Amino acid sequence: MPAALGFSMPAEWEKHEATWLGWPHNPTDWPDKLDTIRWVYGEMVRKMA
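For the record, in the sequence shown the residue sitting at position 31 is 31 according to the numbering used here, with numbers rising by one throughout.
Some hints here could point you the wrong way.
Stated by the list, open to error - The calculated label-pair distances, taken between Cβ atoms and stated as ranges, are: (1) Lys15 - Asp35: 27 to 35 Å; (2) Asp35 - Pro10: 27 to 35 Å; (3) Trp39 - Gly6: 34 to 42 Å; (4) Ala11 - Pro31: 29 to 37 Å; (5) Arg38 - Glu12: 20 to 28 Å; (6) Met44 - Ser8: 17 to 25 Å; (7) Val40 - Trp13: 19 to 27 Å; (8) Pro2 - Asp35: 30 to 38 Å; (9) Glu43 - Pro10: 18 to 26 Å; (10) Arg46 - Trp13: 19 to 27 Å; (11) Pro27 - Ala4: 37 to 45 Å; (12) Leu34 - Glu12: 22 to 30 Å; (13) Pro31 - Ala3: 34 to 42 Å.
Everything labelled a hint here was simulated from the structure, so no lab data went into it.
If you're wondering where the values come from, they're calculated on a predicted model, not measured in any experiment.
Note that CB positions come from ideal geometry on N, CA and C, so glycine has one too.
Produce the complete structure using the sequences and hints provided.
Structural data, given as structure tokens:
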């Protein structure tokens with residue numbers, strides 16, 4: 001179990017060392033919106049940096 005190995009899922013407001021973000025790449029997940037979604041992800045990354 002992850003907890004037994006020392007892993008936990010912190011609340012989103014808790015201080016943490018890193019953020020993992022999967023880059024949107026599958027056009028079927030975002031039909032007709034993939035370019036816009038990629039821009040939004042880029043903005044999120046810029047604000048988190």
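Review point. Is the gap between the beta carbons of Pro27 and Ala4 within 37 to 45 Å?
Key: holds (40 Å)
Review point. Would you say the C-beta atoms of Glu43 and Pro10 sit inside 18 to 26 Å of each other?
Key: Given a distance of about 24 Å, which is inside 18 to 26 Å, the answer is holds.
Check your understanding: Measuring from beta carbon to beta carbon, are Pro31 and Ala3 in 34 to 42 Å?
Key -> holds (38 Å)
Review point. Do Met44 and Ser8 keep their Cβ atoms within the hinted range of 17 to 25 Å?
Key: holds (23 Å)
**Study point:** Outcome of range test on Cβ distance (Lys15, Asp35; 27 to 35 Å)
**Key:** holds (34 Å)
Review point. Does the Cβ pair Ala11, Pro31 satisfy 29 to 37 Å?
Key: Because 33 Å falls inside the window, the suggested range holds.
Review point. That 22 to 30 Å hint for Leu34 and Glu12 (C-beta), does it hold up?
Key: Check passed, 25 Å falls within 22 to 30 Å.
**Study point:** Outcome for the supplied range 34 to 42 Å, where the beta carbon pair is Trp39 and Gly6
**Key:** This hint holds: roughly 37 Å between Cβ atoms.
Practice item. Starting from the range 19 to 27 Å, see whether the pair Val40 and Trp13 falls in it by beta-carbon distance. Key: holds (21 Å)
Review point. For the pair Arg38 and Glu12, does the Cβ-Cβ distance stay inside 20 to 28 Å?
Key: Taking Cβ atoms as reference, Arg38 and Glu12 lie about 22 Å apart, which means the hint holds.
Practice item. Go ahead and decide if the range 19 to 27 Å is satisfied by the Cβ distance of Arg46 to Trp13. Key: This hint holds: roughly 20 Å between Cβ atoms.
Exercise for review: Determine whether the Cβ-Cβ distance between Asp35 and Pro10 falls within the hinted range of 27 to 35 Å.
Suggested key: holds (32 Å)
The structure shown violates none of the earlier numbered hints.
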